[in-house]
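Using the hints, position chain B against chain A.
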Amino acid sequence: MEFLRMGGEAAYVWSAYGITLAVLLFNVWWARWTHRNALDRARAYSAETRATKKPTVRQVE
Amino acid sequence: MRLPRWFHLLGSPPFVYGWAGRLAPWLGAIAIVLLVVGAYWGLAVAPPDRVQGEVYRIIFLHPQVAYVGMMAYVVMAVSAGIGFIWRIKLAHAVAVTAAPIGASFTACALATGAIWGRPTWGTFWQWSDPRIMFETLLLFLFLSYLALRAAFDDRDKADRVSAILAVVGVVNVPIIHYSVIWWNSLHQGPTVMKLDKPSMAPEMLWPFLIMVAAFTVCFYWLLLNGLRGQIVERERDTRWVKQLVEGRKA
Numbered sequence: 446m447e448f449l450r451m452g453g454e455a456a457y458v459w460s461a462y463g464i465t466l467a468v469l470l471f472n473v474w475w476a477r478w479t480h481r482n483a484l485d486r487a488r489a490y491s492a493e494t495r496a497t498k499k500p501t502v503r504q505v506e
Numbered sequence: 583m584r585l586p587r588w589f590h591l592l593g594s595p596p597f598v599y600g601w602a603g604r605l606a607p608w609l610g611a612i613a614i615v616l617l618v619v620g621a622y623w624g625l626a627v628a629p630p631d632r633v634q635g636e637v638y639r640i641i642f643l644h645p646q647v648a649y650v651g652m653m654a655y656v657v658m659a660v661s662a663g664i665g666f667i668w669r670i671k672l673a674h675a676v677a678v679t680a681a682p683i684g685a686s687f688t689a690c691a692l693a694t695g696a697i698w699g700r701p702t703w704g705t706f707w708q709w710s711d712p713r714i715m716f717e718t719l720l721l722f723l724f725l726s727y728l729a730l731r732a733a734f735d736d737r738d739k740a741d742r743v744s745a746i747l748a749v750v751g752v753v754n755v756p757i758i759h760y761s762v763i764w765w766n767s768l769h770q771g772p773t774v775m776k777l778d779k780p781s782m783a784p785e786m787l788w789p790f791l792i793m794v795a796a797f798t799v800c801f802y803w804l805l806l807n808g809l810r811g812q813i814v815e816r817e818r819d820t821r822w823v824k825q826l827v828e829g830r831k832a
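Residue numbers (the working numbering), protein chains in the order written: chain A, 446 to 506; chain B, 583 to 832.
Looking at chain A on its own, in the form it has when it is part of the complex:
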C-alpha cells in the first residue's frame, strides 16, 4: 500500500506513468490499425483493377 501511495504524491507519479503507458498503447494500436487498413485497401484495389481489366484477345475474336 505504501508503494501505491508514493509518499502522498501518488496523483503525480501514477498519472505520469499512466499517460505514458496510454501513449505507448496508442502507438502500438495505430501501427496495427494503419497496416490492416492499408492491406484492406490494397485488397479492394487489387480486386477492382482485375475486374475492370478486359481480356483484349477475346474482344478481337
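Because the hints were derived from the structure by calculation, they are not lab data. No experiment lies behind these values; they were computed from the predicted model shown. Hints may be right or wrong, so weigh each one.
As the list claims (entries may be wrong) - One side only, chain B facing chain A, incomplete, derived with CB under 7 angstroms: (1) V633; (2) G635; (3) E636; (4) R639; (5) I640; (6) S686; (7) C690; (8) A693; (9) T694; (10) I697; (11) L804; (12) G808; (13) G811; (14) V814; (15) E815; (16) K824.
Backbone N, C-alpha and C define an ideal beta-carbon position, used for all residues, glycine too.
Coordinates of chain B only, in the frame set by chain A:
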C-alpha cells in the same frame, strides 16, 4: 567502389517490408522486457530522492520520452532529406511513419513535464522557460508536417514539400538540447548527457539508462510496424502487394 548487396536491398520495398515484419516482434519483446524491468527498478527499487521524495520517480519517464520525441524528429528529417535528394520513396515512407510517433511522444513529454512541474516548481506551465517553449515548438513542427502533407492530394508533391519543412525544422532539436546551458530557467542543467561523469547516484542512474534503452527500442519497434502499413499503402499498384493481399485472402 561497389556497395554491398544488402545496401541496395534497403531501397527495395518488398525486402524492407519482409524484414521489418521479421525484426519487429524481437524489438517489441526487448522493449517490453526493458520497460518492465526499468519501471519496476525505478518505481520500487530505487531509493527516494533527498529533496524531491517520491515524486522524482517521473525522472525515469519524462526525459526518456522527450528524448525519443527529438530522436523521432531527427529520424524524420534525415529520411525526408534523403528522400528529397535521392528521390527514394522508402525514405519518405520512414519520415511519414516517424511523424505521428514523434508528435505523440512530444505531447507526452509536455504532459508528464507539467505533472512533474506542479509539485517541484509550483507550476504546471511556465511561458518563460525556453526548454518548454522549444519542446512545444517541436510538437507544432510535427503537427505542421502532418497538416502540410494532408493539404496535398498528390503524394509525391506532399513528400517533397513536407521534406523541406522537416529539414528546416531540425535546427530546433539542438536548441532544445542546449537550452538549459544557454539560458537560466526552471529546467535543471544536463545531468546525464554531458562530458563529465553523470551527476546521478548509480542506484538511480541504472534504471534511468535502462529506460532510455527501453524507449529507444520501443521507438524503432513502432517505426518498423508503422512502416509496413506505409509501404503497402504506397506500393498498392505493384505486383508483389497484389500477390501479398490475394495470398492472404485465400
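Comparing the hints with the structure gives:
1. V633: Result: violated, 13 angstroms to nearest chain A Cβ.
2. G635: At 5 angstroms from the nearest chain A Cβ, B:G635 passes the 7 angstroms test, so the hint holds.
3. E636: holds, 4 angstroms
4. R639: holds, 5 angstroms
5. I640: Since the shortest Cβ distance to chain A is 5 angstroms, the answer is holds.
6. S686: Holds, because the Cβ-Cβ distance from B:S686 to chain A comes to roughly 5 angstroms (cut-off 7 angstroms).
7. C690: holds, 4 angstroms
8. A693: Because about 5 angstroms separates B:A693 from the closest Cβ in chain A, which is inside the 7 angstroms limit, the hint holds.
9. T694: At 4 angstroms from the nearest chain A Cβ, B:T694 passes the 7 angstroms test, so the hint holds.
10. I697: Holds. Min distance 5 angstroms.
11. L804: holds, 5 angstroms
12. G808: holds, 4 angstroms
13. G811: Cβ of B:G811 sits 4 angstroms from chain A, so the hint holds.
14. V814: At about 4 angstroms, which falls below the 7 angstroms cut-off, the nearest Cβ of chain A leaves the hint on B:V814 intact, so it holds.
15. E815: For B:E815, the interface hint holds, since the closest Cβ of chain A sits about 4 angstroms away, which is under 7 angstroms.
16. K824: holds, 4 angstroms
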